[in-house]
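**Q** In case you want the letters, here they are:
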Amino acid sequence: MRALIPLLVFAPAIGALLQAVNPRPLFARTAALIMSVASSIAAILLFINIGAHLGDETPHFVVSWIHSYSVHFALGVDGLNLLPTLVIAIIFPFLIVSEWDRQFGRRGIHALLLVSQTAILGALCSLDLFLLLFFFSMIPLPLYLMASIWGDEGREVSAFRMISVSLVASASVFFGVLLIYHAIDPHTFLIEELRGKLAGKTTEIFGLSVGLPQIAFSLITFGLALRAPIWPFHGWFRKLVLKVPTTIGLAALLGGFPVILTVFTRIGFELFPETMTNHLDVWVTAGIANLVFGCLSLLQEKDMRGVMVSLSTVLAGFSLIGIGTGHPTGLVGSQFILFSSMLSFAIFGFASEILRYRARTYEIASYRGVLRALPDLGSATLLGMASAFGVPGTAGFIAFALLLMGMFNYHPGIVVTALFTMIVVSAFLIQIFRQVFLGDKTDDRYAKLGAREKLLLYPLVALILAVGFFPSPFVDIVRVTIVKILSVGSAGA
Amino acid sequence: MKDVALFLPEIYLALTAIGLVLGEVGYQGERTRVILATAMLSVIGALLQLLLNYALGAGRYGSLNFVNDGFALFLKALLLCSAGIGLLADRKSQEVSIENRTEHAALILGVTALGMLLCSAVNWIWILVLLFSVQILGSLIFALKKIDFRAIEAAFKGSLSSIYAVFFLSIGVLLFYSITGEFDIYRIHSALVAQSPVPRIYAVGFSLIVVGLGFFGTYFPSQLWAKDAYEGASLPATAFASCLFRLTSFGVLIRVIVIQFAKETEIPGYWEPISTMDWTPVIATIAATTLLMSALYVFRQKKTRKLFSGILIFQSGFYLLGLLALDQVGFASILFGLGTEIFMVGGLFGALTFFEDRRDELNPKGQLSRSVPEGIALLLFMICVIGMPPLPGFIAKFALVSSAARHHWNGLVAIALLSLVLVGTAVFRWVYPWVYELRYKNENFPVSWSHRALILGLLVPLLMISVFAESMLNWVGSSVAFSIW
Numbered sequence: 001m002r003a004l005i006p007l008l009v010f011a012p013a014i015g016a017l018l019q020a021v022n023p024r025p026l027f028a029r030t031a032a033l034i035m036s037v038a039s040s041i042a043a044i045l046l047f048i049n050i051g052a053h054l055g056d057e058t059p060h061f062v063v064s065w066i067h068s069y070s071v072h073f074a075l076g077v078d079g080l081n082l083l084p085t086l087v088i089a090i091i092f093p094f095l096i097v098s099e100w101d102r103q104f105g106r107r108g109i110h111a112l113l114l115v116s117q118t119a120i121l122g123a124l125c126s127l128d129l130f131l132l133l134f135f136f137s138m139i140p141l142p143l144y145l146m147a148s149i150w151g152d153e154g155r156e157v158s159a160f161r162m163i164s165v166s167l168v169a170s171a172s173v174f175f176g177v178l179l180i181y182h183a184i185d186p187h188t189f190l191i192e193e194l195r196g197k198l199a200g201k202t203t204e205i206f207g208l209s210v211g212l213p214q215i216a217f218s219l220i221t222f223g224l225a226l227r228a229p230i231w232p233f234h235g236w237f238r239k240l241v242l243k244v245p246t247t248i249g250l251a252a253l254l255g256g257f258p259v260i261l262t263v264f265t266r267i268g269f270e271l272f273p274e275t276m277t278n279h280l281d282v283w284v285t286a287g288i289a290n291l292v293f294g295c296l297s298l299l300q301e302k303d304m305r306g307v308m309v310s311l312s313t314v315l316a317g318f319s320l321i322g323i324g325t326g327h328p329t330g331l332v333g334s335q336f337i338l339f340s341s342m343l344s345f346a347i348f349g350f351a352s353e354i355l356r357y358r359a360r361t362y363e364i365a366s367y368r369g370v371l372r373a374l375p376d377l378g379s380a381t382l383l384g385m386a387s388a389f390g391v392p393g394t395a396g397f398i399a400f401a402l403l404l405m406g407m408f409n410y411h412p413g414i415v416v417t418a419l420f421t422m423i424v425v426s427a428f429l430i431q432i433f434r435q436v437f438l439g440d441k442t443d444d445r446y447a448k449l450g451a452r453e454k455l456l457l458y459p460l461v462a463l464i465l466a467v468g469f470f471p472s473p474f475v476d477i478v479r480v481t482i483v484k485i486l487s488v489g490s491a492g493a
Numbered sequence: 494m495k496d497v498a499l500f501l502p503e504i505y506l507a508l509t510a511i512g513l514v515l516g517e518v519g520y521q522g523e524r525t526r527v528i529l530a531t532a533m534l535s536v537i538g539a540l541l542q543l544l545l546n547y548a549l550g551a552g553r554y555g556s557l558n559f560v561n562d563g564f565a566l567f568l569k570a571l572l573l574c575s576a577g578i579g580l581l582a583d584r585k586s587q588e589v590s591i592e593n594r595t596e597h598a599a600l601i602l603g604v605t606a607l608g609m610l611l612c613s614a615v616n617w618i619w620i621l622v623l624l625f626s627v628q629i630l631g632s633l634i635f636a637l638k639k640i641d642f643r644a645i646e647a648a649f650k651g652s653l654s655s656i657y658a659v660f661f662l663s664i665g666v667l668l669f670y671s672i673t674g675e676f677d678i679y680r681i682h683s684a685l686v687a688q689s690p691v692p693r694i695y696a697v698g699f700s701l702i703v704v705g706l707g708f709f710g711t712y713f714p715s716q717l718w719a720k721d722a723y724e725g726a727s728l729p730a731t732a733f734a735s736c737l738f739r740l741t742s743f744g745v746l747i748r749v750i751v752i753q754f755a756k757e758t759e760i761p762g763y764w765e766p767i768s769t770m771d772w773t774p775v776i777a778t779i780a781a782t783t784l785l786m787s788a789l790y791v792f793r794q795k796k797t798r799k800l801f802s803g804i805l806i807f808q809s810g811f812y813l814l815g816l817l818a819l820d821q822v823g824f825a826s827i828l829f830g831l832g833t834e835i836f837m838v839g840g841l842f843g844a845l846t847f848f849e850d851r852r853d854e855l856n857p858k859g860q861l862s863r864s865v866p867e868g869i870a871l872l873l874f875m876i877c878v879i880g881m882p883p884l885p886g887f888i889a890k891f892a893l894v895s896s897a898a899r900h901h902w903n904g905l906v907a908i909a910l911l912s913l914v915l916v917g918t919a920v921f922r923w924v925y926p927w928v929y930e931l932r933y934k935n936e937n938f939p940v941s942w943s944h945r946a947l948i949l950g951l952l953v954p955l956l957m958i959s960v961f962a963e964s965m966l967n968w969v970g971s972s973v974a975f976s977i978w
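Sequences listed follow chains D and S, in order.
As numbered in the numbering used here, residues 1 to 493 make up the first sequence, in order.
As numbered in the numbering used here, residues 494 to 978 make up the second sequence, in order.
Be a bit skeptical, because a hint or two may be false.
With the C-beta cut set under 8 Å, the calculated list includes, among others, these residues of chain D facing chain S [to be verified]: (1) Ile66; (2) Tyr69; (3) Tyr144; (4) Ser148; (5) Ile149; (6) Glu156; (7) Phe160; (8) Leu167; (9) Val168; (10) Ala171; (11) Phe174; (12) Leu178; (13) Ile184; (14) Thr202; (15) Glu204; (16) Met405.
None of these hints come from the bench; they were simulated from the model.
Everything numeric in this text was worked out from a predicted model, so none of it was measured.
For every residue, glycine included, the Cβ atom is placed at its ideal position computed from N, Cα and C.
Produce the complete structure using the sequences and hints provided.
**A** Structure follows, in structure tokens:
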């Protein structure tokens with residue numbers, strides 16, 4: 001099983017290289033799809049294996065890379081990162097398929113999507129801080145190029161903002177990681193070896209003595225918050241997504257808060273358990289701020305891509321509150337929110353792209369009566385939306401149920417806030433659905449869905465329903481790891 | 494006999510350079526000329542002879558004025574690689590006239606031979622003479638460009654700064670001579686340890702030497718000439734000369750700092766300043782100022798050549814971070830960075846040459862779409878320069894910054910990272926017009942397979958260094974360990 005982990009991460013990178021080998025369209029795009037799917041299959045096999053051996057040691061792939069600096073090529077999959085890994089590995093082939101017929105630069109966009117897939121999965125699975133920094137710094141590069149090349153008018157500022165913020169984020173994480181590395185003797189980047197060794201350490205900056213857990217954790221958190229993006233650092237993300245096709249927007253979204261919050265949970269609870277638990281209120285407050293801001297911004301959205309951005313702020317807020325509860329159920333709910341929201345975003349994003357292909361716009365006001373022409377698209381979108389606000393029978397319901405239970409343990413007042421937010425979000429999403437899909441058909445722009453378009457939607461809808469009706473295998477895997485991390489963390493603290 | 498053997502690589506290169514000049518003098522319009530092949534054979538031959546020098550073991554030679562050790566051998570190998578890349582890149586540039594190629598090749602070989610000697614010199618008289626020769630001849634390469642006033646100005650500025658460099662160095666060296674009566678850096682060290690000089694004289698002498706070497710190490714406060722010179726010279730000349738100057742200057746600086754101004758601590762592989770004056774804050778200040786000034790300069794630039802010349806200066810600030818650590822790991826990180834830079838700068842300027850030579854001024858946007866492989870290579874080299882993954886620029890920058898962090902120069906680390914962000918931002922702003930409109934089908938540039946092979950060929954070692962970073966670091970580390978400090 002160990003061998004599946006490098007396959008999971010590097011199969012897409014090989015696919016990207018293959019784009020340069022043979023320019024024939026059939027070869028290039030088939031190679032891209034096969035390599036992306038190979039990564040998905042590896043993720044599914046890992047999921048099955050971990051589920052079958054629940055409680056056993058999870059698979060790790062550790063090879064010494066730069067021995068002089070004690071850098072290891074350490075990749076691993078456990079309950080904490082398995083769900084985001086699985087869903088990202090599954091969604092990326094769909095992104096490849098959605099760009100199957102792009103007229104210009106198809107090989108380029110496929111190669112860059114594959115590099116994104118490698119970087120995102122690498123960051124998710126890294127168990128070595130150097131390797132994490134390596135992949136974390138790599139994520140924005142393909143996004144920058146994709147946004148610069150295939151973005152809409154005005155993309156220059158968006159792409160530039162994105163890369164500037166990413167550079168600051170990488171530098172901040174870099175500094176934090178360096179401080180951690182040099183605080184421990186013998187130096188190491190391996191999270192497993194660093195666990196429980198950072199408490200009480202101090203370091204000096206400009207002659208001032210500061211606590212290592214405070215400064216390193218703050219630097220890493222700041223860098224991650226910039227890249228996630230979490231309110232109030234999310235301006236760049238909105239600008240980016242509104243200027244690019246939804247395929248690229250989805251890649252940006254997948255490499256954003258789902259990855260970052262997973263990494264944050266791991267680093268926070270494994271390396272800085274004391275600092276993390278002492279600041280639970282901060283994460284909950286930040287989560288609530290994201291909920292409020294996301295809701296307010298959602299209410300004034302006029303663009304399908306904007307809806308995705310605002311919704312991502314809301315869902316990141318929910319996930320942050322889950323982390324802030326510091327309770328196993330809340331943390332499992334937080335991970336489930338990431339999982340279900342990615343599926344919802346994928347469906348919503350593909351639906352937006354299908355509509356744009358027909359109507360030549362992302363503006364909500366320009367659609368009407370689509371359901372009559374495209375009932376299957378309408379149904380799929382409705383299901384994706386339903387999962388986003390936690391309707392029973394969908395993956396989102398399980399996520400919100402777990403999250404609310406965790407929140408109740410933290411403070412019942414938070415549950416009220418969360419429920420109120422869910423009502424506002426659901427009302428607004430239904431309003432969008434009504435405006436876009438219901439009403440009389442006004443024109444004949446909406447041609448029937450092709451086979452490729454159906455392929456983009458149906459499997460994801462099936463997955464949302466499958467997880468909604470059979471959540472147990474997913475919940476169990478996450479819960480085992482979360483309980484383990486929290487117990488090790490509290491022992492270390 | 495052993496001494497002659499140890500000088501063989503330099504002799505071989507020098508003889509080839511002389512042969513090329515004689516061939517040029519006797520040239521009577523023959524169609525077949527084998528300038529490049531002859532020069533490349535000489536570089537390969539010199540590389541093989543370096544292996545012989547390695548087999549002869551560490552020791553001093555040439556009346557104890559030179560030293561044969563791992564550090565010198567590694568730098569010499571890098572210089573030869575740089576010469577090889579310079580010779581090939583020169584062939585591909587339209588900025589260098591066909592008539593000047595022989596002079597170009599002869600100068601590259603000659604200056605490389607002198608640079609190699611400089612890397613192993615341990616006597617100040619030899620260091621000064623060789624440094625001056627390397628810098629003057631290296632600056633002459635700047636002038637070998639198709640008629641362009643800026644190239645002449647570049648050569649002039651280079652030559653003038655070599656005079657300043659030697660002036661500052663000479664005064665610094667003479668100050669120490671007045672205290673110790675020695676020019677040999679090992680003996681100066683012994684004398685300084687024995688008699689504890691007046692701190693003020695020591696400080697002035699140290700500062701003058703550091704400032705003098707800074708002219709061609711291109712760090713603050715002596716770097717100002719470089720950005721104009723690098724901007725005015727042809728791209729292959731800039732790539733070669735910047736690597737040559739930095740390799741030789743940092744080679745001398747590390748050796749002088751370690752041997753003359755530091756002593757080994759009880760822990761093997763670690764040094765500390767010898768006298769009561771701790772000069773590490775001086776180096777830290779120079780590093781911080783170089784990084785910030787060059788980063789701000791780069792950040793303001795919109796013109797390609799100015800941006801690139803700023804980036805070349807920016808790199809020096811990072812190498813000073815490695816020096817600050819005063820241990821083998823720090824020096825190894827400098828050598829790793831220099832080794833990476835040879836290929837990185839060579840590839841970057843090689844790719845840029847391709848586009849600059851074919852640039853259509855009427856349609857400057859979306860150039861990369863007109864030759865995608867070269868364009869991707871250019872982007873990758875650029876990413877490597879600013880220390881982003883996956884190429885080894887990331888590892889090199891990490892190793893250098895880590896050296897400073899290891900000794901708790903955390904403020905300096907913060908400045909280095911801030912500078913990196915500024916330079917990265919400037920680079921991505923520069924990249925945008927190149928990729929703009931890449932999605933539209935522009936008319937392709939005619940393919941030059943040899944140029945493509947050169948550019949992509951330089952990507953291969955970089956990728957190898959990234960994957961086998963450990964082997965490279967081991968090699969560098971053992972080179973530093975196999976040195977006579």
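**Q** For a quick check of understanding: which of the numbered hints are violated here, in increasing order?
**A** Failing hints, ascending: 13, 14, 16.
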